[in-house]
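Put the two chains together into one complex, using the hints given.
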Amino acid sequence: MRRAVVLASVALLVFGLVVIAETNIPETPGAHVGGTVTVGVSQTFIDMDPRVMNSVYDGYIVDSVFDDLVSLDQETLAPIPCVAKAWEVAEDGSETTFYLNEGIKFHNGEDLTAEDVAYTFNWIIDPANGSPNATEYEWMQEAVVIDDYTVKIINKPEWTPYCPGIVSESASIVPMDTCEEMGPEQFNLTPVGSGPYKFVEWLASDHITLERNEDYWLVYPNLDKIIFRPIPNLATMMLELEAGGVDVVDMMPAQDVARFQADPNVVVQQVPSLTYFHVSFNHSHLPSSDIRFRKACILSVDADAAIFSIFQGLTGIRAYGVTPAALWANDREYLQSVALEEDDAEAVRLFNELKAEGIIPEGFETTIYCPLDPRRTQLATIVATNLQENGINAQVQPLDWGPLLDLLYRSEADPLGEDVEIFVMGWSGGPDPDNFIYYLYTTENAVIGTANNYSWYSNPEVDRLVKEAATVPGCDQTTREALYVEAQRIAFVEDLADMMGYHYIETQGVLARVHDYTLNALGDIEFCSPQCNVWVDE
Amino acid sequence: MFGYMVRRVLQMAVVLFGLTLLLFVLLKTMPGDPARIMAGLGATPESIEVLRHRLGLYDPLYVQYWRLISGLVNGQLQAMTYHKPVWTVIMERLPATVELGVAAVILALFVSIPAGLLSAIYRNSPLDYVVTTAALMGISIPVFWFALMLMMVFGVILHVLPVSGRGETLFGWSFLTVDGLRHLIIPSVALSSVLMALNARLTRASMLEVMRQEYIDTARAKGLRERVVLIKHAFRNALAPVVTNIGLQVGAIFAGAVLTETTTAWPGIGRLIYDSILRRDQSVVFGLALFMGACYMISYLVVDLLYAYIDPRITYD
Numbered sequence: 001m002r003r004a005v006v007l008a009s010v011a012l013l014v015f016g017l018v019v020i021a022e023t024n025i026p027e028t029p030g031a032h033v034g035g036t037v038t039v040g041v042s043q044t045f046i047d048m049d050p051r052v053m054n055s056v057y058d059g060y061i062v063d064s065v066f067d068d069l070v071s072l073d074q075e076t077l078a079p080i081p082c083v084a085k086a087w088e089v090a091e092d093g094s095e096t097t098f099y100l101n102e103g104i105k106f107h108n109g110e111d112l113t114a115e116d117v118a119y120t121f122n123w124i125i126d127p128a129n130g131s132p133n134a135t136e137y138e139w140m141q142e143a144v145v146i147d148d149y150t151v152k153i154i155n156k157p158e159w160t161p162y163c164p165g166i167v168s169e170s171a172s173i174v175p176m177d178t179c180e181e182m183g184p185e186q187f188n189l190t191p192v193g194s195g196p197y198k199f200v201e202w203l204a205s206d207h208i209t210l211e212r213n214e215d216y217w218l219v220y221p222n223l224d225k226i227i228f229r230p231i232p233n234l235a236t237m238m239l240e241l242e243a244g245g246v247d248v249v250d251m252m253p254a255q256d257v258a259r260f261q262a263d264p265n266v267v268v269q270q271v272p273s274l275t276y277f278h279v280s281f282n283h284s285h286l287p288s289s290d291i292r293f294r295k296a297c298i299l300s301v302d303a304d305a306a307i308f309s310i311f312q313g314l315t316g317i318r319a320y321g322v323t324p325a326a327l328w329a330n331d332r333e334y335l336q337s338v339a340l341e342e343d344d345a346e347a348v349r350l351f352n353e354l355k356a357e358g359i360i361p362e363g364f365e366t367t368i369y370c371p372l373d374p375r376r377t378q379l380a381t382i383v384a385t386n387l388q389e390n391g392i393n394a395q396v397q398p399l400d401w402g403p404l405l406d407l408l409y410r411s412e413a414d415p416l417g418e419d420v421e422i423f424v425m426g427w428s429g430g431p432d433p434d435n436f437i438y439y440l441y442t443t444e445n446a447v448i449g450t451a452n453n454y455s456w457y458s459n460p461e462v463d464r465l466v467k468e469a470a471t472v473p474g475c476d477q478t479t480r481e482a483l484y485v486e487a488q489r490i491a492f493v494e495d496l497a498d499m500m501g502y503h504y505i506e507t508q509g510v511l512a513r514v515h516d517y518t519l520n521a522l523g524d525i526e527f528c529s530p531q532c533n534v535w536v537d538e
Numbered sequence: 001m002f003g004y005m006v007r008r009v010l011q012m013a014v015v016l017f018g019l020t021l022l023l024f025v026l027l028k029t030m031p032g033d034p035a036r037i038m039a040g041l042g043a044t045p046e047s048i049e050v051l052r053h054r055l056g057l058y059d060p061l062y063v064q065y066w067r068l069i070s071g072l073v074n075g076q077l078q079a080m081t082y083h084k085p086v087w088t089v090i091m092e093r094l095p096a097t098v099e100l101g102v103a104a105v106i107l108a109l110f111v112s113i114p115a116g117l118l119s120a121i122y123r124n125s126p127l128d129y130v131v132t133t134a135a136l137m138g139i140s141i142p143v144f145w146f147a148l149m150l151m152m153v154f155g156v157i158l159h160v161l162p163v164s165g166r167g168e169t170l171f172g173w174s175f176l177t178v179d180g181l182r183h184l185i186i187p188s189v190a191l192s193s194v195l196m197a198l199n200a201r202l203t204r205a206s207m208l209e210v211m212r213q214e215y216i217d218t219a220r221a222k223g224l225r226e227r228v229v230l231i232k233h234a235f236r237n238a239l240a241p242v243v244t245n246i247g248l249q250v251g252a253i254f255a256g257a258v259l260t261e262t263t264t265a266w267p268g269i270g271r272l273i274y275d276s277i278l279r280r281d282q283s284v285v286f287g288l289a290l291f292m293g294a295c296y297m298i299s300y301l302v303v304d305l306l307y308a309y310i311d312p313r314i315t316y317d
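So the sequence lines, in the order shown, correspond to chains V and G.
Take 1 as the starting number for the first sequence in this note's numbering and just add one per residue.
Take 1 as the starting number for the second sequence in this note's numbering and just add one per residue.
Treat the hints as calculated values from the structure; they're not laboratory data.
Accuracy of the hints is not assured; some may be wrong.
Calculated lysine to aspartate or glutamate pairs in the EDC-like style (CA-CA distance at most 20 Å, straight line) [to be verified]:
(1) Lys-84(G) <-> Asp-400(V)
(2) Lys-28(G) <-> Asp-400(V)
(3) Lys-156(V) <-> Glu-209(G)
(4) Lys-84(G) <-> Asp-419(V)
(5) Lys-355(V) <-> Asp-419(V)
Computed footprint of chain G on chain V; a stretch qualifies when at least three of its residues, placed anywhere within it, have a C-beta under 8 Å from a C-beta of chain G [what the hints assert, rightly or not]:
(6) 122-131
(7) 234-244
Idealized CB from N, CA, C, for every residue including glycine.
Chain G on its own, in the form it takes in the complex (with noise of 0.2 Å):
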């Protein structure tokens, strides 16, 4: 197991920096010039000059490269329109985005996986109807959509809950304090609702491809009590597309949720790629995509460490 994990450590080392070739490369090549963008409508062409010398669009290619490079690794890359270096603008915003993420996880896998497992085991049930139509609602009905109308029933008409933004937070947290835990409800059920309709599908049709299964007939034939068959033997073993899928969410969930964070004007990292993208922020959007494509892989990784412990046929030695 620990050499397959070095491998697989290394293996991300090789992508990232295929990545942040592939990320320079696309920066440099797209349209419009970003000291033009930044110094606004009506500058001078002098003091476009002046930050175009500054942000050091001038220097050959390489060296704008090994600038991101370099600076990414040490820490000290400075931030376009930020004032600030990358990774700390990059940081602000992860704490927002962690408890806004583990929130909704938690929330979609407390609801979606017993939903699902009781879809598949009542099927065609009134039950099972319940379920697979609220799936249906929540993969079909846009996040910020869903997420407005949270805010208006909660927010404006009973007034339970705060519309929007992070409120108090005790050494960076929300969820330490009493305001910030309220301010997480909205924006956290917003962005479970899809993960829990994935969720629910799939646990229920991987249950119900289990179920078939001629060892779930055995169990049953040996006298084992149904409560068993279907935890022990079949749940256990249709987990391993859940866990799929929701390690995938994880990776997509820690990159930013853009749309749920710029609805419910939650300051995470959701809201950061909008921004620095909208500034024209090559330091930060070089930073944020490395950041993210980190996120996604790591999350693979632990997926895939995950699987050994689920189906135990599976080694990676």
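One chain only, chain V, in its complex shape (with noise of 0.2 Å):
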């Protein structure tokens, strides 16, 4: 059986203004109800409640067995109805009102109301837990209950208002009955929401079986069943998907792009991610400091080339500033437009005037650390190359997470990160650009031990174009887009913040037998939701 589900409203977030739309889930004639998908994914899991998961792996179970209080456009990455029918933003935007859909039942029968959305995100803001997740929102004061279907999300005063709203994952709602009662530990190990599939089992290492919600609220999900398979070696991955063992694979290495889209069984999905990796400097001691060196840098590497010889134009494009290309606000244009090409001549010239000033010590010798990541490593590889052949002696040195994270979050010892000059990292964020820039260029979020802003950047130009930006009044697009492309430009071109960087192209392979999935520029698994319902040939 298969039910059309109409969602009451589609609400804009305009200020003071709740704009009522219809929308429904579309029919997609002919669809088949019945079957499994089996999905391997190149990682284990290891949190299954959304509260405190921080792991986009994660997030494949969560996406299923949750529902969140907004969903994400596929195409636009703009907010949609999900468990909120609508929302209302007040005139000074202190504060968000939502109204719920009702009729919500957890898979274990209890009501979704507006107290389990308001436990949802207290709990997670409460630092007495420690969730990793609080950062995302930081700008928050608390949830409060109105009535059993209406909820109020205030702002912090400092964060009011806040223009990128609710957008994170972890906005997953959870049965506060139920989760005080398991405590976290056993929550985590047989979660309970209100999604389209409900948690069956999960053996460790091997697989997670997740089987249809028959009481599911929005639509009848098409599937029985959905196996998420761990399978941490890619190639073994990709002979699987070959063989037919699984359905959809998460990730899908360049070299196995080409003769996958050659195989008519197999549909290859990419799509721009939310991503940022970039070889960037420590701007807090020389030479790196100085922008000459900086200059001087990224004159000695063809970005194109290198970048191109590690994705094989395939599965990452080249990054010119730090939001990604899938978002607004990436002045793509004007940035590739005056980025600086490849100058071997000039960067000796910057380097010998450097040398000779003693900005460069005699005799030094530079390390560019990276993670324990192939892509990682191979790009830093390149750049010490070009600076070898250029006069400087650097070296690439990958570095596992805990030893990499403390030199570039630094310690009370090493408050300069004296050890550090170049370095090869990465960011993911939400679908807002100041997911990417707050975190990576103010100074707020360079913090001794826990920083994200790892290069140490600071203008505070900067700073307060981010600031002003993510608390536009009234939050209009335009202005703020205005606000991002001006911080961008300061820190890309006039301050030469990063050396270059890259956009990872989320690629997935899914068997022909699969229809109506489609991947998002989150990296999302979405079997069931408000704008798919995903099916398989008998």
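Quick look at the structure:
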């Protein structure tokens, strides 16, 4: 049986106004109800509790087991109704009132009410619970229950308004009573949500099985079962896809893309992701704090060739600013037009000038640090080779996360990060430019011990512009975009904050028997949501 | 014999205690704050701090050590990231590793010992060349590559076996179901390839050594049939180094075949080692290292006891 379910209303994020519109999950003619989809996942699962989950892989399960307060449009990444059928932002942006759909039930039969929504958010932001997702809600003061199906989220005064809003995955709603009863450990092992598929079993390192939630409020989910299988070896995962052992793979290496594109049984889906990987500098001490050193490094490398050699033009594109190409305010065209291109003669001249001034000391050697990630190691190696050709003795040191974060986060004993000049890191964020530029380039985020701004880049004007863009009265996107564009131009064109970067292109392989499956820029794996209801051939 | 066993078990306890101290020092001197890594990029200072307290990282070292030891002994030591006690985490994976290991060892023994034996008997014959070449290949080819080739041939091209994973289980065991048995074939063949190669070469070398001994000539001079000379006099005496090698291999396999399990997505102890190191789960790493140490020690003890059975001249009392 397939039911068309009407979402009551769509609200646009306009201050003081709720605009009502109707939307349906589009009926797919010929959709088959039943069958199982097996998903190959490149990592093992850690947390099933959306309140503490901070891995994209755990998100695959959470997407199907839980409902989000608001969902995101697959194409525009704008918030659309899900548990909340509408919302209203106060005139001054200090609070947002969410009106919830009635009749949503958790898998244990309990009703999903405003209490559950408020509990979810208040639990995450409570420092005593130590949720790693608290950072995403830095702007939130508290969530307050108005009545059974109305909840109000109040911003902190200094974050009023907060324009990026609720777009995080961890806004998946958990059942208050069940969570309290089970405790965090047990809830993590046997999650109970209100989503289209129910949690069945988690066999350690082998698979997680979900089954259809027969009483799902939004639509009748097409699939009987979904099985998620962690397959850590990518070559094995590709063989599984080829043999039909899995229907979807969450990652496809560049060298396999062309092969599967030619395979009629497999559909390769690609979308630019919300990620930014970059070769960056330590802005706290010489020589990398000298803009001439940074410029000479940039001029030493043919960034296009470097990125192409790693991704073969298939699974990664060059970045010109921090905002991913898939997001607004990326200013890509302008930043590309003014990007510095390789000029070895000028680079050598600048390096010699710095050596003559003693800014690059006699016998200077530098190490380019990067995580144990083949792509970033390869990029670091290319950069080191190019620097060596221009007279800078550079080595590459891939490090495990522990020692790498120790170096980049610094300590009281080493506040300037003396051992680091150049490093390769990466960031993935939500569907708002603020999620990138605020964390990576504002002074506020350069804090010893927990730095997100691990280059310690600092420019008061960039700080001001970014703060202003996040708190624009009325959250007008055009105004915000102008501010982010200006901030990026200062950081990347005037200050040459980074040497180079790339955005990863999410690449998944899907068997042709799977229908209505769409990859989005967040890399989510969704089988039933306000925008899709995946089905498979009989 | 009993007295010897008691002494060995007591020795094992002392070694395990030393191992706990060594492991603890290593874990504590390893670079990187586990709380910071677990909290992930972007975590607030407050959440990292809460995590440090929750993990007990501010407790005095002797308290942390005691918590690990007492928790392991009473089974209550909680894994840092698996939401379960460490022993539960290990025991959940153990059946997968045990059945993979047993299948690989049995397969290896059935193939390698007769192969090594025949290779020695028909030395410098075409059969000998085939066995020694195959053994050399088995030693030289990396197990992960061999596993991938098996998957490609039997899983993708011929479609006769599943590519990876463990398949259906019954009471936690794969070999009790047809689907599980089919899943077991590729990982066990891949894992056994190295064991086979080593054992075949060792059996051959050991047999050749024994067959040069004077007592073999004596046995033949007594008019014994060649089969009796080879099996009863030569093979039994050639077994000691082979048994030692198998014992070491068994210890290593039960301690986790990391490469095989990772390549074939086999959810055993090897995968657990790989995952828990990546997750910085110090409790599980600690428990696993002790478990692996115990596996080795037990297998060594069994090998020592087997010596007495194989060679009656060896006694322990």
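So, going through the hints one by one against the coordinates:
no. : hint                      : result
1   : Lys-84(G) <-> Asp-400(V)  : 26 Å, violated
2   : Lys-28(G) <-> Asp-400(V)  : 16 Å, holds
3   : Lys-156(V) <-> Glu-209(G) : 83 Å, violated
4   : Lys-84(G) <-> Asp-419(V)  : 39 Å, violated
5   : Lys-355(V) <-> Asp-419(V) : 19 Å, holds
6   : 122-131                   : holds (count 5)
7   : 234-244                   : holds (count 6)
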